[in-house]
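*Asks:* Take the sequences, apply the hints, and build the full model.
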Amino acid sequence: MPITLLRRERRFYELFDRQAGNVVAASRLLRTAFDDRIEAMPAHQAAIKDLEHAGDELTHEIIQTLHRTFITPFEREDIYALSSGLDDVLDYIDEIAETIILYGITDISAAAKSMAGLIVEAAVQIQGAVSKLESKSGVSEHGIEVHRIENVGDTESRRAIGELFRGGYDAVAIIKLKDFYTLLEDSLDRCEDVANVIEGIIIKNA
Amino acid sequence: MPITLLRRERRFYELFDRQAGNVVAASRLLRTAFDDRIEAMPAHQAAIKDLEHAGDELTHEIIQTLHRTFITPFEREDIYALSSGLDDVLDYIDEIAETIILYGITDISAAAKSMAGLIVEAAVQIQGAVSKLESKSGVSEHGIEVHRIENVGDTESRRAIGELFRGGYDAVAIIKLKDFYTLLEDSLDRCEDVANVIEGIIIKNA
Amino acid sequence: MPITLLRRERRFYELFDRQAGNVVAASRLLRTAFDDRIEAMPAHQAAIKDLEHAGDELTHEIIQTLHRTFITPFEREDIYALSSGLDDVLDYIDEIAETIILYGITDISAAAKSMAGLIVEAAVQIQGAVSKLESKSGVSEHGIEVHRIENVGDTESRRAIGELFRGGYDAVAIIKLKDFYTLLEDSLDRCEDVANVIEGIIIKNA
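Residue numbers (our numbering), protein chains in the order written: chain C, 1 to 206; chain F, 1 to 206; chain W, 1 to 206.
Note that these hints are calculated values from the structure, not bench results.
Quick caveat, the model's predicted, so the values are computed rather than measured.
There could be a bad hint or two in this list.
Said to hold, decoys possible - FRET-style restraints, in silico, Cβ to Cβ:
1. W/I63 <-> F/D189: 11 to 21 Å
2. F/I63 <-> W/P42: 47 to 57 Å
3. C/G104 <-> F/R68: 50 to 60 Å
4. F/I63 <-> W/I203: 21 to 31 Å
5. C/T32 <-> F/A173: 48 to 58 Å
6. F/R166 <-> W/G168: 22 to 32 Å
7. W/I71 <-> C/A173: 57 to 67 Å
Note that the Cβ used here is the ideal one computed from N, Cα and C, for glycine as well.
*Replies:* Structure follows, in structure tokens:
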């Protein structure tokens, strides 16, 4: 393959690596914020928002590179899907932080902390899968892990939501916290979507 | 076509037929559970969960077969989409049963029973479409039926949810039952997604 | 290209233009209804429902044309996705109007009016993009606008929902209005989905 084509290809891998790095960083900020005082949440949210903006710019750069590149390392629509998928995870992490402030949630439960920890784990697995996209070897293991993590999160969020109905919460609190847990679980679903896109790329290029 | 290739192709149709059978069986268990005493729900849910696990294994087998097969009866990504789609329907049916227990819903309304009946109907139509994937003839009729059933379910769930706001329900009951009806309707949406994947396969291979 | 093929191609563009016109018309009816007395809502909803039915027929005609046509102006699955996407926007606009009646919402807030205005804006941008699909020039600008409008709507709906938790609303009102604002925002998401499908078509045919 001519050097310039190779460089173009590598450019996509580089951009995806950076975006996966943003996702991991944002998930870690969220997890840290969940252990901090609730008054510090706006500051944490601002830091997450910065990463989300950086992610928007990277997404834009990936799409621009796609427009300028004739031969791509895998199908154009998959580059698009992977890029949107990673961007979605960032958006959800940002939305979680924003929702806490917007809904006036003042107490981060142990269940929520655990789910935020799962988002970090899933993000790290996605980063692992993305870093192996070029060699195409060992990618599936990360996908399997993401599915496992999402399953754990599903159980945890359902248990936490069920708990809300066992008494001790008024209707408004139930509305708020049910949305909050659902959002945490939805973020893991978005991680799973990314894992599915990557799985699809591997299947098509097997 | 050489015998071995033909056998490989047939394998996919067999696996999809079995998965569609699981979906029909799970939907029937749910419909039956809705007529039983509420105390029996955990036992019914356990039976549905077994089918859901069997479905997970079948999904895994389909993906494994996909990895080992070079020439597939239709596009690789459509095999993947159909397989995930059927799995999603199973997951939703399981989630409905689980939600009843988790939310402590004690009364299954006539509207919920009717919607569970629609899920059985849609599952049977999906099974019909899947069974005709190989011959590719008469598939569309099943798709049209799934869309019709989903439309009926949409109207029923919206009416049932509207009813919740006409008085007689406290806020917590509204939260629970709105989620429950939405989940029933979402299951029909997942059936429609499967019908759309099948419709796409037929369109591409017309 | 032979005249008949050209005519077939043009047929798709014509049908999509008409469907985009339906989306714009429905969005305008909704915006107008939001300024009218609440008692007039059923009449407005009936008019929107008529457009939604017309949209169903157009969708059917597009799919039928697809079945009869061997060479299509862009990939078969994208014709299918664009057609479903436009249909979804119509369905959502109809659902917004229906929900107001069903939930017994009696007061349309300034925030809801503003969001309905955004749906009109997004629909007009989609119409612009669809009208340029044949020439494939100047399409992206409309997509960028749809993304911008969806972002504004996202902020507005989140602010409106946050407002519900600042007091003055009982739990049932919160449930109703949170659904209502979410539905308005979801409609903008469906507009963004259409913009993404169009963006995908442009990327693949660049």
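*Asks:* Hints first: check each against the structure and report whether it holds.
*Replies:* Comparing the hints with the structure gives:
| no. | hint | in the structure |
| --- | --- | --- |
| 1 | W/I63 <-> F/D189: 11 to 21 Å | holds (19 Å) |
| 2 | F/I63 <-> W/P42: 47 to 57 Å | holds (50 Å) |
| 3 | C/G104 <-> F/R68: 50 to 60 Å | holds (54 Å) |
| 4 | F/I63 <-> W/I203: 21 to 31 Å | holds (28 Å) |
| 5 | C/T32 <-> F/A173: 48 to 58 Å | violated (38 Å) |
| 6 | F/R166 <-> W/G168: 22 to 32 Å | holds (23 Å) |
| 7 | W/I71 <-> C/A173: 57 to 67 Å | holds (59 Å) |
Violated hint for the displayed structure: number 5, the only one.
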